[in-house]
Amino acid sequence: MTTEQIVWSIFFSPLAAFLLICFVLRPAGAHGLAGLATIVGVAGALGASVVTFLNVLAVPGHELPLADYPWLTIGDLRLHLGLAVDSLTSVMLLVVTSVSLLVQVYSLGYMAGDTGYSRYYAYMALFTTSMLGLVLADNLLQLYVFWELVGLCSYLLIGFWFHRPAAAAAAKKAFVVTRFGDLGFLLALLALASVAGTLTINELFTEHKVAALVGASFLGVTALTWVALGLFAGAAGKSAQFPLHVWLPDAMEGPTPVSALIHAATMVAAGVYLVGRMLPLFQHAPAAMAVVASTGAVTALMAATMGLVATDIKRVMAYSTVSQLGYMMLALGLGGYVAAFFHLMNHAFFKALLFLGAGSVSHTTGTFDMRYMGGLRRAMPVTFWTVLLASLSLAGIPPLSGFWSKDEILATALAASPGLFWLAMATVLLTAFYVFRMLLLTFTGEYRGGGAAEAAANGDAAQGADAHGHGGVRLHESPSVMALPLVMLAAPAVLSGLVNLPTIPALDDFLMSRTVRETLEAHHVAFNPLLAAFSTGMALLGIALAWLVYGVKALRADSLGSALGGLPYRMLYHKYGLDFLYEKVLVGSLLYTVVCGLFAALDRYVVDGLVNGAGQLTRGLGRGLRRVETGQVQAYGLAIFLGVVVITAVAIVRG
Amino acid sequence: MTGLPWLSVLVFLPVAGALLLALLPAQRPLLVKQAAAVITLLDLLLAGMLWTAFDASSTAIQFVHQAPWVPPLKITYYLGVDGLSLPLVLLTALLGFLAVLVSWNINHRVKLYFALLLVLQTGVLGVFTALDFVLFFLFWEVELLPMYLLIAIWGSPPPLGRREYSAMKFLIYTILGSAFMLVGLLALYFSTGTFNLVDMARADLRNTAVPATLIFWLIFFAFAVKLPVFPFHTWLPDAHTDAPTAVSVILAGVLLKMGGYGMLRICVSLFPQVAYTWAPTLALLAVVNVLYGALVTLRQGDLKRLIAYSSVSHMGYVLLGIAALGEVGLTGAVLQMVTHGTITGLLFALVGLVYDKTHTRQIPELGGLAHRMPFIATVFMIAGLASLGLPTMSGFASEFLVFVGTFPVFGWYTLLGASGIVLTAGYILWMLERSFFRGPLARFDHVGDATLLERVPLVVLVATIMIVGLWPRAVTDVIRAGLQPILSRLG
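So the protein lines, in turn, are chains A and B.
When the first sequence is numbered by our numbering, its final residue is 655 and no position is left out of the sequence of numbers.
When the second sequence is numbered by our numbering, its final residue is 491 and no position is left out of the sequence of numbers.
Please note that a few of the clues may not be correct.
[What the hints assert, rightly or not] If you want a taste of the chain B side facing chain A, the calculated C-beta under 7 Å gives, among others: (1) Val296; (2) Phe403; (3) Ala425; (4) Pro472; (5) Arg473.
To be clear, the hints were calculated from the coordinates, so they are not data collected in a lab.
Here the structure is a predicted model, which is why all the values come from computation and not from measurement.
Ideal Cβ positions, reconstructed from N, Cα and C, are used throughout, including at glycine.
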């Protein structure tokens, strides 16, 4: 196979699995081969990605020359299909395919016995295809197409157990909220097509395209800034950045492997990927860069605070994901291209592991509510140790992977803006606290009864958030098909930081290839041992605080919650009121009741009312006419007659 | 393709078929249905043959059939297709055939029903192929009577519906529009001395007997009612709600397109300068349609009314693309007509199935249907996603072209129009959630999924939506041929 065919096979391999399940195995029911099909498809993509990575590594400039194919040409508008592979793409391909493969294997155990088994694997194959298509796209329209398709898969998988009203509502919420951002993305595409005349990513970075975009302005702001803000709106929706983050916690209604793959490791990182990919444009729009950086920093801190009080283990992870994506955006906004993608990669591994660990825990306890867990360390040693490693990595304890990339982001922030730096540093403390709170509540102390206890507490026989747990009578480690992916993810969660050590910045050299350097100003910040020590100290402080509250219980969680009249706790518990504001006030009351209600009433009573009024008038008239003759001929005759009169009159007057 | 005047055969085959149906014994309804299916299938095959034989590299009118008709008044019998009309001809033939399949459960006055359906098809095909204004007008009127009767006789009876009211409303609205069109038609005739639309387009219309702007708006009004354009749209939800399923499919699928087609074929082609002058107004009307339609859609609790109002919103994009008066926008507008025809046709077919099986269309009464009718639910979701403009499906291609075409001309209107995609996602997904998701309801325990015959139209339409979505060139190459003469006139 040629280099190009190998690249295309990355995309077509999981697509073949999807089509096979749809048209041969049938998506309804639980065909045993469905899981195998997806696993083989994704494994094929992983193999091809590895080969492609090696090919990219071998090419000077780290960019593969690939052809593109015309798709649609109308007038000046020329759209084509094409793939582009450079160093960033090749890294993303490895991350997506490797995490996807492990998640698909894990799902063999997690989804065993589910009536929608085949459908699940069909969606997963489609998702992997779309995510790879997104990463491989050489132009923004194609990227947008796959952007929407991963959104579709996210919708389908959040609502996978659509019999649960919460899941159906969460799926819709995810789609609609992200669509607000997508509108920005779409408008950015329109502006680019109209001002720059192309949507091909590399062409947009050329000097005269940038000049055209900087030259045009709208409302006193350059077209380039508008484009960057539009793209960032899309990215903020996808990557759950404030104020569009509200869909991600609810997305936890989906099966846990879905959360691991889509809502932690890959799709939610697509926003970061988009901004990073377009950074050569963003860097010419300082205002947009500032928006990206501050949105990232605010999101990082805000999400971490909400993670402090969540009792659902998956929601803790979800807030953590939002927070970590905020870090990546912060880095990008400050020009930290490599730092952002370094963290994206590390985060993909340790966060996927955390989610799969949460799934493993719920698989035996039958609940996701940490208030009904506890003491699982002995029963689930593999889960415990792997989750512990991932947690340490997330908290940023050296020498685990999370430490290295988070430290690069902090160093970038310190060099650029003290304000943003302190927001990021405060987040370090909170991160360590919430992740160890999660660990301690889940794995230490006494077991608090699991799903059965939860059901009893809620006073209903229905199961909690988990649709298929065993109820947790006899605690046990998850089957090896689930435990093995945990172990295999633990390796990169611990070690992936080694690819970009301060002394051997291999990833830095690879990502900042010659071609990238031509368009992107490098922001390389030197390693700062003092800063590293300080951030590690903050993380340790967070862990110590968590230990005091949830380990030795020297401080009572209740008393913390009721501090300052309980106001801070209630504010966090109610997610700063944003869900209420969006769902009840803006959509429910303002949009639905007031605006739509007004328009619907207008339509019914005014627009249609006038018509009916006129109709009644005509009917009265018609009743009179009907005595003379019948039918509609009169209407015509009258119209013709009047028409002729009018025209003749006008013709005579104009003479 | 030489020999027979194929276009005339295409147009008049259905009406000939209607006469044939009249001769069939009334006590054999199945035979009547089969005959109708065969006739419309033949018509579809014929349309497909024309599609393949069409030379997309030529901007000329093709398959012309021309004959003198009323020589003293220079009225001619003149049929022909170009890239503008051919996609709509094929769409009409396709939906005509599928409408017969969708009507398989009709058991009341079967002969008359199918005969009217066939007459209707001749009327619509005639509108899309007539190139003499008088002939165009006659076909425009031919469509009225069968539509009126189909709604009034086979529509939702009281107390569920108001079929006679809705049928009459449809009739009055269209006739009102026709009256204005007729005035415009005569004005044009007195100005140019011809009814030939091709000649009219070449004529100098700067010094007409009546101001060109007035003629433009007189004729535009007739098409605006049909499209429909706010505030002349309220006949549409009523007509849809009370029409039988197949008629809804035809109504949304092709009848509305007569409006958009007329605007392009007559208003824009004949009066490019007027169109230029008034383009901002058209764009404003379009955006009002999109947003007003979407906001009202959000409030609808009846599945059919919901889809009907969403049509108002989506047809706004047709007008928006037209208002841009450029190649990309016009291509988008024509493509949007085709894609909306298939997508909304599919949605109405699905609503019909849901109603047949559950006996309700009220969304609050539905719920959990995906458990009972997974096939219908899946296709409904595909149609809904297509409607909300999900890429890889045809709706995205056409809306994207409309936006790209409009953005450089009317930036703000494009922004407002594009924001409709958020509202569309809202009402489509909320409708799916309430109707198909959540737990199964006991009262639908014995409700079944689509039968094999019922699946045929669904599968055909889904395939069309996907093919056009993945490879829009299949249609846009033809459309381009049809737009060149208009574009050269626009300068």
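How the hints compare with the structure:
| no. | hint | in the structure |
| --- | --- | --- |
| 1 | Val296 | 5 Å, holds |
| 2 | Phe403 | 5 Å, holds |
| 3 | Ala425 | 5 Å, holds |
| 4 | Pro472 | 6 Å, holds |
| 5 | Arg473 | 6 Å, holds |
Going down the numbered hints, you'll see the structure goes against none, and every one checks out.
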